[in-house]
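Participant: Here is how the chains run, residue by residue.
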Amino acid sequence: MIGKAALTVGAIVYVENVKPPQGGKGKDRRVVILRAPTADDDTFTFAVIATLRNLNPADDEVRIPHKPISGGDRQTSLTAPSVAVCRWVQDADITRVQSIKGKCPSITLGEIVRKVDAISGSG
Amino acid sequence: MTVFESARHAVDAYSENAEAWRPDHDLAMACRQLEDLLLAGIESLREISAYHQGWQEQVLSGQQEPDLAMDQAIWDMYAWWMRPCTRVKKELRFFERQGFTVEHAAEFRHCLENLQDDRRGLVRPTTPIQPITTEHVQRLASSSIDTSRYDD
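Chains A and B, in that order, give the protein sequences.
The first sequence begins at 0 in numbering that gives the first Met the number 0 and counts up by one.
The second sequence begins at 0 in numbering that gives the first Met the number 0 and counts up by one.
Isolated chain A (complex conformation) (with noise of 0.2 angstroms):
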């Protein structure tokens, strides 16, 4: 199991099994965490990463840095044009977490915590 010290903000993380907000089955897919675990709470926040099928991202998503080579940004580990889900938010529990890919930059971060929150209707 992944210890929770590194499962820091910004982390990038593999989780099991993470389903769409609507049900159904679940997928094992990359995520930004946003809400690290605590020493008295093994939950984490995360948003989704997905694969950047168009152009420019949605209103919902934010870009994240990638490069196209061999192991990828190396900081993100992402190798394809990627986003974060700022809709796709979900809860998780430590033991879920596969294995750990990068580290999301601090500005991109930025700007996904300020559209999550935009998006969730307190911002």
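Calculated directly from the structure, the hints in this document are not laboratory data.
For every residue, glycine included, the Cβ atom is placed at its ideal position computed from N, Cα and C.
Restraint ranges, calculated between C-beta atoms of paired labels, are given here:
id, chain 1, residue 1, chain 2, residue 2, range
1, B, GLU18, A, THR42, 47 to 57 angstroms
2, B, ARG96, A, LYS26, 42 to 52 angstroms
3, A, LYS18, B, LEU38, 41 to 51 angstroms
With chain A fixed as given, assemble chain B onto it according to the hints.
Facilitator: The following block gives chain B in isolation, referenced to the frame of chain A:
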């Protein structure tokens, strides 16, 4: 001096030196000066990034109050760092064309490209970052998402 002031001081020094810098008549000496400038740029960017990461972690974990002025000040430091970069890159190309192997050149270019990638499509923040809570998750739980868009 606080960590923020230290980072700002490093960026100010780098940016001002980069803008004031003029190639010496002695090319080898000028190249050494450019190498020093590149190293100062790399190190000052590391300071900003480290401060930014620490600040965000503290705000998002509830240890610090959200503060738009600080978010904007950090954003401005990145912008201030980037300001002389076009000219620095031009000087770098000049020395490389003269046959110099400029120390720190690859790392400097890497820093600049990464920062440009990180900021692509983004604008100066107008709202502070706020901790994400279970209320956010609950409010988004019934979101309608076409997940077929995301079948990687």
